[in-house]
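Novice: Spelled out, the chains give:
2 protein chains.
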Amino acid sequence: MRESKKRVAVLSPIAWRTPPRQYGAWETVASNITEGLVARGWDVTLFASRDSVTRAHLHAVVDKGYEEDAAVDPKVAEYLHISEAFEHAGEFDLIHSHYDFMALVFTRLIRTPVLTTIHGFSSPQIMPIYQKYRDGYFVSVSDSDRAAGLNYLATVYNGIDLSLYPFQDRCGEDLVFLGRIHPDKGVHLAIEVARLSGMRLIIAGIVQDEVYFREQIKPHLDDQNILYIGPVDVKGKNELFARAGALLHLNTIPERFGLVLVEANAAGVPVIAMDLGSCREVIKEGETGFLVDNVADAVRALRRIPEIDRRACRSRVQQRFSIDTMVEKYEQVYSTIFDVEARRRS
Amino acid sequence: MRESKKRVAVLSPIAWRTPPRQYGAWETVASNITEGLVARGWDVTLFASRDSVTRAHLHAVVDKGYEEDAAVDPKVAEYLHISEAFEHAGEFDLIHSHYDFMALVFTRLIRTPVLTTIHGFSSPQIMPIYQKYRDGYFVSVSDSDRAAGLNYLATVYNGIDLSLYPFQDRCGEDLVFLGRIHPDKGVHLAIEVARLSGMRLIIAGIVQDEVYFREQIKPHLDDQNILYIGPVDVKGKNELFARAGALLHLNTIPERFGLVLVEANAAGVPVIAMDLGSCREVIKEGETGFLVDNVADAVRALRRIPEIDRRACRSRVQQRFSIDTMVEKYEQVYSTIFDVEARRRS
Chain A
170 MRESKKRVAV LSPIAWRTPP RQYGAWETVA SNITEGLVAR GWDVTLFASR DSVTRAHLHA
230 VVDKGYEEDA AVDPKVAEYL HISEAFEHAG EFDLIHSHYD FMALVFTRLI RTPVLTTIHG
290 FSSPQIMPIY QKYRDGYFVS VSDSDRAAGL NYLATVYNGI DLSLYPFQDR CGEDLVFLGR
350 IHPDKGVHLA IEVARLSGMR LIIAGIVQDE VYFREQIKPH LDDQNILYIG PVDVKGKNEL
410 FARAGALLHL NTIPERFGLV LVEANAAGVP VIAMDLGSCR EVIKEGETGF LVDNVADAVR
470 ALRRIPEIDR RACRSRVQQR FSIDTMVEKY EQVYSTIFDV EARRRS
Chain B
170 MRESKKRVAV LSPIAWRTPP RQYGAWETVA SNITEGLVAR GWDVTLFASR DSVTRAHLHA
230 VVDKGYEEDA AVDPKVAEYL HISEAFEHAG EFDLIHSHYD FMALVFTRLI RTPVLTTIHG
290 FSSPQIMPIY QKYRDGYFVS VSDSDRAAGL NYLATVYNGI DLSLYPFQDR CGEDLVFLGR
350 IHPDKGVHLA IEVARLSGMR LIIAGIVQDE VYFREQIKPH LDDQNILYIG PVDVKGKNEL
410 FARAGALLHL NTIPERFGLV LVEANAAGVP VIAMDLGSCR EVIKEGETGF LVDNVADAVR
470 ALRRIPEIDR RACRSRVQQR FSIDTMVEKY EQVYSTIFDV EARRRS
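Residue numbers (my numbering), protein chains in the order written: chain A, 170 to 515; chain B, 170 to 515.
Extracted from the complex, chain A is given alone in its bound form:
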């Protein structure tokens, strides 16, 4: 049996549809892996919400993402969704989980190996679960976002579907912020940069911290220089990239991966990112953007944007952050797991 004919279950989160309509980075990556594996001939079953869109076999027990369905108790939906995948473990050679810490507690109750891609440690309080299950199989999405003591098999960078983000040759005139409206993402710093540089800033994304939005963002909105346009889908992102001279990503805590940085680069948009966490793995200083330490740095970096070759931005994404590159790496990880498991059983 060729390895690519092994049966893989991909366990996606169910906060949103897979792939999400708008926001939902974990679901996006789970979708990209699923479709990438299918394209490469794997037999894949995607465990996700019923309204998900996939070329894999879809196995669903909840109708919609719980963020899109007020009638559902997220805890109930999660328990049903995760356990369903594990109840079907016998049908798979591998379960590839994207479900945070909750799926780990089921892993010792089945024989099928489980690989967990850790898309980020959502809180220090979840660490006791990772510590207990540290001997499992783990992948980090950046070298910087790792916890000590876990059995990491590799870092596999997230890959995007480049066809969704066509290259745009012409440099736009505005600054763009794209992401959750949350202090972690430094939207307030992006506003400062816009004011100091005299450039227009367009802010897009879901409001995750209402108080932050009300107190630190909304007062600056003026319909002219600082604009908030709500969450955007892929089409909306491309329209933003068309207007973007640069993407501002002044995160205040270490970034775990930063999918939007890659999406912007794919469209040819340079990125100015805070040098925290994974940003220096995703952005190549002086080539696809600039890494900065503060607002003043960011303003200075803006002047150097013309130095960036927009084609180089896209080409780096093609080489390092495509679905194919990601899935190839995952195939190597799967292969390692199959070898380990075969040795264990022999």
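Just so you know, these hints were derived from the structure itself, not from any lab. One should not assume that every hint holds.
Copies of the same chain look alike in the list, so a pair counts if it works inside one copy or between any two.
List of simulated lysine to aspartate or glutamate pairs, EDC-like, C-alpha gap at most 20 Å [to be verified]:
#1 Lys301 <-> Asp232
#2 Lys301 <-> Asp242
#3 Lys301 <-> Glu253
#4 Lys175 <-> Glu497
#5 Lys301 <-> Asp314
#6 Lys453 <-> Asp466
#7 Lys174 <-> Asp508
With chain A held as given, fit chain B onto it using these hints.
Specialist: Only chain B this time, still in chain A's reference frame:
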């Protein structure tokens, strides 16, 4: 092998210690079952918080009840606690779960049979999990608190440790409310009864609904006729029972069981309860209290309290709601499960 030498795991909730220091009905019952089984010669392992007190083997992965430990994420603690029991399933002939719907999703991943005592359906939103696992083994705590379609083996009434609630011959002069301060428990109705009857009311229990307490209870407190004394432990309960002419339990939604009704009766205190849910299974009309439909009924019933023989209250608890009676019933249920399982395997 005598059946009583079979190994039983009791999975207790971890909101509180088992048994709880004050409030915590589910943990109380899990404790009573555990200690009752041990007393009758069973080999019992109690899965509960580490500070729990038991004569069984204690297996703990969380230090304290999450309601008593702000550092803990309840979701993380629950996942760790429940999965731990299921990971050790092979060591037991039966797992007796008191853990609401969350434990059910693990049941198909192990071979050990799992009995779930449903202490109440905490929300309609949890029903999809019960429906999926309806073929499991279930016990209801009253005939009234049943959901259609579940595989119930029996109703087993909760039993209490009568030695904790000694009989008090003398009838007190006050009205007592004991329970969560929540609209479901009709504390506001108890206050109305106190005002209409001119009797003093002492209210004890944790505040579960802050707005309700602030708006509908607090304004009536006057340190003289309507008093709130906070949550009480067993000693505090007995002091209250000493002062009680009657316990008022004017629940506004169907009661699931009503442990406090039994505790009051054990001390000889008659109960005036709303005729909703399990109350008519727990209280015998005219013998251990009165069942009422509204406040006016309750005021009328107060006049008939002298008709109640306090010794009859205790004696009914001895017969129907003792730990021994409860554990004997559970032994019959266990026996049924062992028979079913043996047939399945043969």
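Novice: If the cut is 20 Å between Cα atoms, do lysine 175 and glutamate 497 qualify within a copy, between copies, both or neither?
Specialist: within (15 Å within a copy, 51 Å between copies)
Novice: Pop the pair lysine 174 and aspartate 508 into one bin, within, between, both or neither, using alpha-carbon distances up to 20 Å.
Specialist: within (16 Å within a copy, 43 Å between copies)
Novice: Regarding lysine 301 and glutamate 253, is the shortest C-alpha distance of 20 Å or less found within a copy, between copies, in both, or in neither?
Specialist: between (22 Å within a copy, 10 Å between copies)
Novice: For lysine 453 vs aspartate 466, is the C-alpha pair at or below 20 Å within one copy, between two copies, both, or neither?
Specialist: within (16 Å within a copy, 78 Å between copies)
Novice: Which holds for lysine 301 with aspartate 242 at a C-alpha limit of 20 Å: within a copy, between copies, both or neither?
Specialist: between (27 Å within a copy, 16 Å between copies)
Novice: I want to check one pair: lysine 301 and aspartate 232. Are their C-alpha atoms no more than 20 Å apart within a copy, between two copies, both, or neither?
Specialist: For lysine 301 and aspartate 232, the Cα distance is within 20 Å only across copies (15 Å; inside one copy 32 Å).
Novice: Quick one: lysine 301 to aspartate 314, C-alpha cut-off 20 Å, is that within a copy, between copies, both, or neither?
Specialist: Result: close within a single copy only, 19 Å intra versus 38 Å inter.
Going down the numbered hints, you'll see the structure goes against none, and every one checks out.
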